[in-house]
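Number of protein chains: 2
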Amino acid sequence: MSVIILGHKSPDTDSVTAAIAFAELQKALGVDAVPGRQGELNPETALVLEKFGYAAPELVTDVSGRKYMLVDHSDIKQAPDNWDQGELMAIVDHHKIGDITTGNPIFFCAMPVGCTGTVLYKLYTDLYKKPIPEKVAGLMLSAILSDTVLFKSATCTPDDKAAAEALAKIAGISDMMAWGMEMAKAKSAVEGVAPRDLIFRDYKDFDMGGKTVGIGQLELVSLDLVADMKDALYAEMEKVKAEGNRHSVFLMLTDIMKEGTELLAATDDPGVVDKAFGTALQGRSVWLDGVMSRKKQMVPPLQKAFGA
Amino acid sequence: MSVIILGHKSPDTDSVTAAIAFAELQKALGVDAVPGRQGELNPETALVLEKFGYAAPELVTDVSGRKYMLVDHSDIKQAPDNWDQGELMAIVDHHKIGDITTGNPIFFCAMPVGCTGTVLYKLYTDLYKKPIPEKVAGLMLSAILSDTVLFKSATCTPDDKAAAEALAKIAGISDMMAWGMEMAKAKSAVEGVAPRDLIFRDYKDFDMGGKTVGIGQLELVSLDLVADMKDALYAEMEKVKAEGNRHSVFLMLTDIMKEGTELLAATDDPGVVDKAFGTALQGRSVWLDGVMSRKKQMVPPLQKAFGA
Chain S
1 MSVIILGHKS
11 PDTDSVTAAI
21 AFAELQKALG
31 VDAVPGRQGE
41 LNPETALVLE
51 KFGYAAPELV
61 TDVSGRKYML
71 VDHSDIKQAP
81 DNWDQGELMA
91 IVDHHKIGDI
101 TTGNPIFFCA
111 MPVGCTGTVL
121 YKLYTDLYKK
131 PIPEKVAGLM
141 LSAILSDTVL
151 FKSATCTPDD
161 KAAAEALAKI
171 AGISDMMAWG
181 MEMAKAKSAV
191 EGVAPRDLIF
201 RDYKDFDMGG
211 KTVGIGQLEL
221 VSLDLVADMK
231 DALYAEMEKV
241 KAEGNRHSVF
251 LMLTDIMKEG
261 TELLAATDDP
271 GVVDKAFGTA
281 LQGRSVWLDG
291 VMSRKKQMVP
301 PLQKAFGA
Chain W
1 MSVIILGHKS
11 PDTDSVTAAI
21 AFAELQKALG
31 VDAVPGRQGE
41 LNPETALVLE
51 KFGYAAPELV
61 TDVSGRKYML
71 VDHSDIKQAP
81 DNWDQGELMA
91 IVDHHKIGDI
101 TTGNPIFFCA
111 MPVGCTGTVL
121 YKLYTDLYKK
131 PIPEKVAGLM
141 LSAILSDTVL
151 FKSATCTPDD
161 KAAAEALAKI
171 AGISDMMAWG
181 MEMAKAKSAV
191 EGVAPRDLIF
201 RDYKDFDMGG
211 KTVGIGQLEL
221 VSLDLVADMK
231 DALYAEMEKV
241 KAEGNRHSVF
251 LMLTDIMKEG
261 TELLAATDDP
271 GVVDKAFGTA
281 LQGRSVWLDG
291 VMSRKKQMVP
301 PLQKAFGA
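Residue numbers (full-length UniProt numbering), protein chains in the order written: chain S, 1 to 308; chain W, 1 to 308.
Think of the hints as simulated: they come from the structure by calculation, not from any bench. Misleading hints may appear alongside valid ones.
Chain copies aren't distinguished; within one or between two, either way the pair holds.
The calculated BS3-like cross-link candidates involving lysine-lysine, where the alpha carbons are at most 30 Å apart (straight line), are [as the list claims (entries may be wrong)]:
(1) K239 x K67
(2) K275 x K67
(3) K161 x K275
(4) K296 x K27
(5) K211 x K161
(6) K130 x K169
(7) K239 x K130
(8) K275 x K185
(9) K122 x K135
(10) K67 x K304
Just so it is clear, the structure is predicted and the values come from calculations on it, not from any experiment.
For reference, chain S alone in the conformation it holds in the complex (with noise of 0.2 Å):
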């Protein structure tokens, strides 16, 4: 059976494109590797597959008695739920390190970067030193683009840009940033959509001092699109809360353009915010200046507040 490459659950654009295109560089090395997915696409991801002729990649959401790679994360909690039934064989990514282990050495490379498809990059060019099929190309750009916010996010790095420009050339994209207004478009789209949908289209559950916090990310054109839905998601992220025995669920909206977040919060220990941010919620929520990464400017200020 072939080795199932694995983004994160409730999968974004890079863990998608990731999967993708890792298992072509895999092939490419002579491992029979298929990409998938643990869950629903969003809508950027939809456009970005369809602009590059791809299929959404199988739903794999058990990987028991089963070879399989990961990709975009290292952390149980966002892994299958059997992780550890099956064999892990790699990890690419680029977030912090996980809670992940194994009992055989393994290929992990991570990366403080932007983007998987940034560490991707390197690993195509400078370490395997394969060639990047043109869609497959497509694909990485995209998932830079997607994950540094046009590179404006605080994650972005100089590696990042240079990836973006070099893969831009494979890909025949004349006018990268035209196509990520077009992505950031896609992916602002909120209208008709249940707020449970949106609270879990982009979703991390964290273990922050032995507590579960779960954190959702909404990135939009502007925060008009949501102002009557509030209500609904603050509801929603009760039910969230209590279903999961969280301690806090937080809701990320964040406008891309005025380039800040106003943080929804669900949370048995409103101070908690406070003690983050050193701002405190009004009511149930609270405008973050330049916070634009969960990654690099949500999770390491709330694990600090929780004592992780």
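Chain W: place on chain S using the hints.
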């Protein structure tokens, strides 16, 4: 203060030389880094440093408040005791993925090869494209010869051989096997060494199913060298076991010419050896033919036997 780079506790040649080689690479990349070590040099490592003109790196066992990088391990039990009081910046390794986690994204590169020196060779040559200084190449070559037991170990891969050949050229070592035998003889030096020091010469504690299991290894050109010392070694192993509240302490007496290991076992559950290796202890020891690698042939079956 400089970034300190450390291998594992009870450092071997790979841990010490990888700290030096990775520090040189970091300096070439503009990072102010210095190598350190967590313990005393073994006779082989002392010989290697002398041959290539290096002093012993600084002894560092406390990283609180310091920036640091780890080489040759990613396990909490092998890291400095207060690893979580400093800021971990990078990991380069070739073992199983351990339980060290971070709050921020960092560089983490592990590959399933026989030696950290081989991973560093790829980082120098392929990823960062920096020239390897002649003496650094000598260190890295020596680590590969040591860790792969002159390419005989089950952990040895074609990548290790290719790296060793390239490094021998850079270092100007025309007969690397002769140099490897010279190192092996130095590693075999046991005369006049206290049993405790022999146990800890190349020793690691592991968490196996919640129990602490220590595994030391002596690589010897002949088991005759320790024939008269087994009673004393065993008595000391029992002490080490009691002191550390360990479930088991194993000592691998590895005959690198006969390519096998006499395993001494001080354990609360002698049956675990049969369970792991399909061969029961005869008294306090058993011969395991073909077993030379702790990482690949001891740890995985033991972890399985412990249900970890």
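Evaluated hints:
1. K239 x K67: This pair counts as neither: shortest intra-copy Cα distance 35 Å, inter-copy 41 Å.
2. K275 x K67: between (42 Å within a copy, 25 Å between copies)
3. K161 x K275: For K161 and K275, neither the intra-copy (34 Å) nor the inter-copy (53 Å) Cα distance is at most 30 Å.
4. K296 x K27: Between copies only: 26 Å across, 33 Å inside.
5. K211 x K161: neither (36 Å within a copy, 47 Å between copies)
6. K130 x K169: For K130 and K169, the Cα distance is within 30 Å both inside one copy (16 Å) and across copies (26 Å).
7. K239 x K130: Neither. Shortest intra-copy (48 Å) and inter-copy (54 Å) distances fail the 30 Å Cα cut-off.
8. K275 x K185: neither (34 Å within a copy, 59 Å between copies)
9. K122 x K135: both (17 Å within a copy, 28 Å between copies)
10. K67 x K304: between (35 Å within a copy, 18 Å between copies)
Violated hints, listed in ascending order, are 1, 3, 5, 7, 8; each of the other numbered hints is respected by the structure.
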